[in-house]
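Below, each chain spelled out in residue letters.
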Amino acid sequence: MSAPVIDPVRPAAPDTPAGRTTPAQRTTPARFDTALGWNDRPGLAWALRILLCLIALVVFAAPFLTIFSGAFTTNPSGSSLSFLPHDSTLLNFRVAGERGIWDYLGNSLVIAGGGLLLQLVVCTLAAYALARHRFRGQALIMMLFMMTLMLPEEVIAIPLSLVLGDVPVVHLDLKGTVWGVILPLGAWGFSVMMLTEFMRDIPAEIEEAARLDGVGELRMLWQIILPLCKPALGVAGVLGFIMIWDQYLLPLIASKDPTDYTVTVALSILRTDPEVGSGVVLAGAVIALIPSLIVYLLLQRSLVTGIAAGATKG
Amino acid sequence: MTATVPAPAARKGTGRRAFDKKAVVPWLFLAPGLLLALVFKFWPMAKGIWLSFLDVRPFLGDKWIGLENYSRVLTDHRFQDAIGHTLILGIGQSVGAILLGFALALLLEGQARSLKFLRTAVFLPAVTATAVVGELWRLMYYPTSDGLLNSGLHFFGLGTVQFLDNPDIALYSTMVMGIWIWAPYNMVIFLAGLAGVDRSLYEAAAMDGVSLWQRLRYVTLPAIRPALMIVLTLATIRGLRVFTEVYVLTGGGPAGSTDVWMTRAYTLGFTRNDIGGASAASVVLLCVTLLLTVLVNNLRKRGEAR
Numbered sequence: 001m002s003a004p005v006i007d008p009v010r011p012a013a014p015d016t017p018a019g020r021t022t023p024a025q026r027t028t029p030a031r032f033d034t035a036l037g038w039n040d041r042p043g044l045a046w047a048l049r050i051l052l053c054l055i056a057l058v059v060f061a062a063p064f065l066t067i068f069s070g071a072f073t074t075n076p077s078g079s080s081l082s083f084l085p086h087d088s089t090l091l092n093f094r095v096a097g098e099r100g101i102w103d104y105l106g107n108s109l110v111i112a113g114g115g116l117l118l119q120l121v122v123c124t125l126a127a128y129a130l131a132r133h134r135f136r137g138q139a140l141i142m143m144l145f146m147m148t149l150m151l152p153e154e155v156i157a158i159p160l161s162l163v164l165g166d167v168p169v170v171h172l173d174l175k176g177t178v179w180g181v182i183l184p185l186g187a188w189g190f191s192v193m194m195l196t197e198f199m200r201d202i203p204a205e206i207e208e209a210a211r212l213d214g215v216g217e218l219r220m221l222w223q224i225i226l227p228l229c230k231p232a233l234g235v236a237g238v239l240g241f242i243m244i245w246d247q248y249l250l251p252l253i254a255s256k257d258p259t260d261y262t263v264t265v266a267l268s269i270l271r272t273d274p275e276v277g278s279g280v281v282l283a284g285a286v287i288a289l290i291p292s293l294i295v296y297l298l299l300q301r302s303l304v305t306g307i308a309a310g311a312t313k314g
Numbered sequence: 001m002t003a004t005v006p007a008p009a010a011r012k013g014t015g016r017r018a019f020d021k022k023a024v025v026p027w028l029f030l031a032p033g034l035l036l037a038l039v040f041k042f043w044p045m046a047k048g049i050w051l052s053f054l055d056v057r058p059f060l061g062d063k064w065i066g067l068e069n070y071s072r073v074l075t076d077h078r079f080q081d082a083i084g085h086t087l088i089l090g091i092g093q094s095v096g097a098i099l100l101g102f103a104l105a106l107l108l109e110g111q112a113r114s115l116k117f118l119r120t121a122v123f124l125p126a127v128t129a130t131a132v133v134g135e136l137w138r139l140m141y142y143p144t145s146d147g148l149l150n151s152g153l154h155f156f157g158l159g160t161v162q163f164l165d166n167p168d169i170a171l172y173s174t175m176v177m178g179i180w181i182w183a184p185y186n187m188v189i190f191l192a193g194l195a196g197v198d199r200s201l202y203e204a205a206a207m208d209g210v211s212l213w214q215r216l217r218y219v220t221l222p223a224i225r226p227a228l229m230i231v232l233t234l235a236t237i238r239g240l241r242v243f244t245e246v247y248v249l250t251g252g253g254p255a256g257s258t259d260v261w262m263t264r265a266y267t268l269g270f271t272r273n274d275i276g277g278a279s280a281a282s283v284v285l286l287c288v289t290l291l292l293t294v295l296v297n298n299l300r301k302r303g304e305a306r
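Quick note, the sequences are listed as chains W and Z, same order. The numbering of the first sequence is full-length UniProt numbering, which starts it at 1 and goes up by one. The numbering of the second sequence is full-length UniProt numbering, which starts it at 1 and goes up by one.
For the record, the hints were derived by calculation from the structure and aren't laboratory data. It cannot be assumed that every hint is accurate.
As the list claims (entries may be wrong) - The following label-pair restraints were derived from C-beta to C-beta distances:
{"#": "1", "chain 1": "Z", "residue 1": "42", "chain 2": "W", "residue 2": "201", "range": "25 to 31 Å"}
{"#": "2", "chain 1": "W", "residue 1": "57", "chain 2": "Z", "residue 2": "302", "range": "38 to 44 Å"}
{"#": "3", "chain 1": "W", "residue 1": "173", "chain 2": "Z", "residue 2": "50", "range": "53 to 59 Å"}
Built from N, CA and C at the ideal position, the CB exists for glycine as well.
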């Protein structure tokens, strides 16, 4: 089930096992399974571990319950905030809806869907060329894609906002359109490198056999290579989605007025609106949280594989 | 690229026919990616470097002023404060998230189903959009005595803390949120590293009767060194360009006490419309980021060679 080792950061160490120990390896007692030698038998260490796990759970996961409970509480102030709602109401969501939260969510979904599609197509095409062809300047191109990772939106924000207002050569104004957010997300160095690494490992014999049958380049990619890359595409897809959903500065500088905001950026509008309380802000936060939550819970295996392989969030 | 894998010698032979059809194919596949990277990454970078030497005046035309933007930004006391804040935040956040991430990985390592569930839950902060996390922490930091964290402090008999409104504390409040976001992320990388440790080494260590600490120090730590270096590289880079965390939680306030390099540059460029100065600040950050990346990579290579 698990994806093979995809490791763009440490290509020198291909012998690192992908994830968990395989059943075949598990001939040693359980206490040699973990670095700290945790034991399954009840005892002092066992109780300590359970206590620490509970603390970790409260610290890292329980705060999310407060978002949900606050969002469903009529007028949460500090005092009524808790892990469980006092009274359940959809009022906050209705008020947030009047403030246009569903439009912002629509912007976000269009950008996430379009951006992810573009990103996957563009990165797959580039990876195919880099992995299955040899040409002059290959190393240079690889380096260029790696450099895009070092040029995050933060560092080029000011000139990028000028470029979005007046794209060179074609002189288009992308500000205020979803393209202003989607297009800059297209070439993501991480996806290109990860897919390239993965495609390189596909045996040449498969490709040669297809070539003898007269398969052209596009069909080769679509029908031969891509079906073999499903695990890597899953990783690229889920990480790409999380990365796009997390974008903050880019939608901010690509907008002309607040109606262009994505749902995550629009939270600041709700917060600074004096007429709505924190319950409405939390309702907005819930709406902004749910899509990434769904993607995470459905595809967490791919996500964890990708991050373990040296991914970057943004 | 036909049925036979071309040997280096054969490649040299075809080099003369550089424009034959086969040579064009890879470039067609690369074209969309290169075009997008060029227009939305490299062109803005070049433009930013160019603008950093100009006095950008709308309608009047830009004027070349050499390094004046740089000297203005680097001598500005708010930028100098921002360097300090960026370093404190970046280093504190990275070290905290690495230590806590390692502790979490040690705690949650294992095959049990309950542990898998725990790992899924603990990892939530890392996949949540930073803007949502910001709202969440504003709530936890609620400044009255009945706020979530403050009521916790009351329980232990401590007074109310103005987490985000006290200029002496706000930066550390931001740091705690950063650690909370990145510790689970580091945990996953460390878990992958721990999974790669040879189990027979643990067994051998037990036979030699070494202590738990020695086992961690001499068996586990060397084995996860590659994972540690990755985490360190990522933390360094993102520590310097921290923006969203600060922007959504405090906006740089109160009284500039949490202003970091990028929020400062953002204010300069978008609020005060000083494009030249903001570009100079971005170029400085870019250079430092590149320098650090190269440095960390060199350290990594040296570590691997050993």
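*Go through the numbered hints given earlier and state which of them the structure violates, listing their numbers in rising order.*
Violated hint (a single one): 3; every other hint is consistent with the structure.
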